[in-house]
Amino acid sequence: MMALLAAASKVEFSFVRDHVEVTDSMLSKQVSALEQAGYVKVDKGFVGKRGRTWLSLTKQGRRTFDRHMAALREIANSDGAGVAALRRS
Amino acid sequence: MQFVSEPAPTQRDAQAALAEANNQAGRVRRADHQLGWIVLATAVIYLAVAVVVSTLPDPRQGGPVAGPAILAILLVGLVGLVYVFSRIRAYSRAAISLYFGAIVAFSLWNGIVVGVSIASRWWASGQPGYHFGISAAVAVIPLLVAARLILRR
Numbered sequence: 001m002m003a004l005l006a007a008a009s010k011v012e013f014s015f016v017r018d019h020v021e022v023t024d025s026m027l028s029k030q031v032s033a034l035e036q037a038g039y040v041k042v043d044k045g046f047v048g049k050r051g052r053t054w055l056s057l058t059k060q061g062r063r064t065f066d067r068h069m070a071a072l073r074e075i076a077n078s079d080g081a082g083v084a085a086l087r088r089s
Numbered sequence: 090m091q092f093v094s095e096p097a098p099t100q101r102d103a104q105a106a107l108a109e110a111n112n113q114a115g116r117v118r119r120a121d122h123q124l125g126w127i128v129l130a131t132a133v134i135y136l137a138v139a140v141v142v143s144t145l146p147d148p149r150q151g152g153p154v155a156g157p158a159i160l161a162i163l164l165v166g167l168v169g170l171v172y173v174f175s176r177i178r179a180y181s182r183a184a185i186s187l188y189f190g191a192i193v194a195f196s197l198w199n200g201i202v203v204g205v206s207i208a209s210r211w212w213a214s215g216q217p218g219y220h221f222g223i224s225a226a227v228a229v230i231p232l233l234v235a236a237r238l239i240l241r242r
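Respectively, the protein sequence lines represent chains A and B. First residue of the first sequence? That's 1 in my numbering, and the numbers climb one at a time after it. First residue of the second sequence? That's 90 in my numbering, and the numbers climb one at a time after it.
Bound conformation, chain B alone:
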């Protein structure tokens, strides 16, 4: 690289170069946090919808407020996520792997939670609305774990 035709760096030069490289790596890790916030926001949106459904006496019947409220949560959430996505300027291989891993894990785990909830009649007609909320809280565990892993990097 460029040092080939230049005087060899001293120990102090090398230490300064390594410190600068660490500094730059830290900047990328901080930029990665946006992906962590996106994963966390996805979990919060899912839980917010679940909270609204939980307030219904019978989720199968719906309600005059619940429908528009869920629509508003999804709309605001979607706009927010698109905005944060468009602001991403750097990401590491580890963070993007965790992000896509979280999506896959959530999809699979959520499918299992839904399947078990239906099979066990946890969501059957006549069951209280909070059953849906509890299932949602369990379903978002992969998203919360991934968000924590990305934000702690």
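Here chain A stands alone, though its shape is the one from the complex:
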């Protein structure tokens, strides 16, 4: 989910649900947890009469995700060497 949000400026809730393949309630819980952690921003709006929920990463969320990805790249490129970096992220 974080990878999907990191690649986007804004993503609609149903887009994340369909691609991460989780239920609405499961995704809602994850979004709430990430929102409380300060990683995800939730915007609600309307298109006609239909309500829409848009998700995006906060600056903090993007920074944290980038650090996490950098650590994963380190591990992927050199076996075990990036584990300490991943723990720091």
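Calculated directly from the structure, the hints in this document are not laboratory data. Yeah, the Cβ is synthetic: ideal placement off N, Cα and C, and Gly gets one too. Please note: incorrect hints may appear among the correct ones.
Quick partial rundown of chain A residues pointing at chain B, CB under 7 Å, derived from the structure [claimed, not checked]:
{"#": "1", "residue": "Phe15"}
{"#": "2", "residue": "Met26"}
{"#": "3", "residue": "Ala76"}
Beyond 12 Å from chain B on every Cβ pair, some chain A residues (computed) [to be verified]:
{"#": "4", "residue": "Met1"}
{"#": "5", "residue": "Thr23"}
{"#": "6", "residue": "Lys41"}
Following the hints, complete the assembly by docking chain B onto the known chain A.
Frame of chain A; chain B shown alone:
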């Protein structure tokens, strides 16, 4: 993040996570294509109107068919664009920047093309209708470039 309290991922885990992240990024890029189609459709609508005007012997005089035809093109185009807009579910910062950049570039470039067409008497009374079509074809270049950039992402 969540790995802090979990066993450290192996090299294979990390590679799988990176591949999944790439996969998700690809999905957003594909969703971006809708913005590219919107920009392309805007160019097509503009050109379609220009083609209709080009068929007129004198664009300043108008014609019995041209008016309703242009209205129909604009109406169908507008409804189509609103529909595609309402279906957008994700977009990247790069694509939305290109989209708004295209609108600004088109507005400025179109203004220049119109200004030059009038100043050079390219659109003056008595000039053939296709002059308008040629100007329109030049004016939509920023839209075509932006559409290509978004759709190739």
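Structure-based check of each hint:
no.	hint	result
1	Phe15	holds, 4 Å
2	Met26	violated, 15 Å
3	Ala76	holds, 4 Å
4	Met1	violated, 8 Å
5	Thr23	holds, 18 Å
6	Lys41	holds, 14 Å
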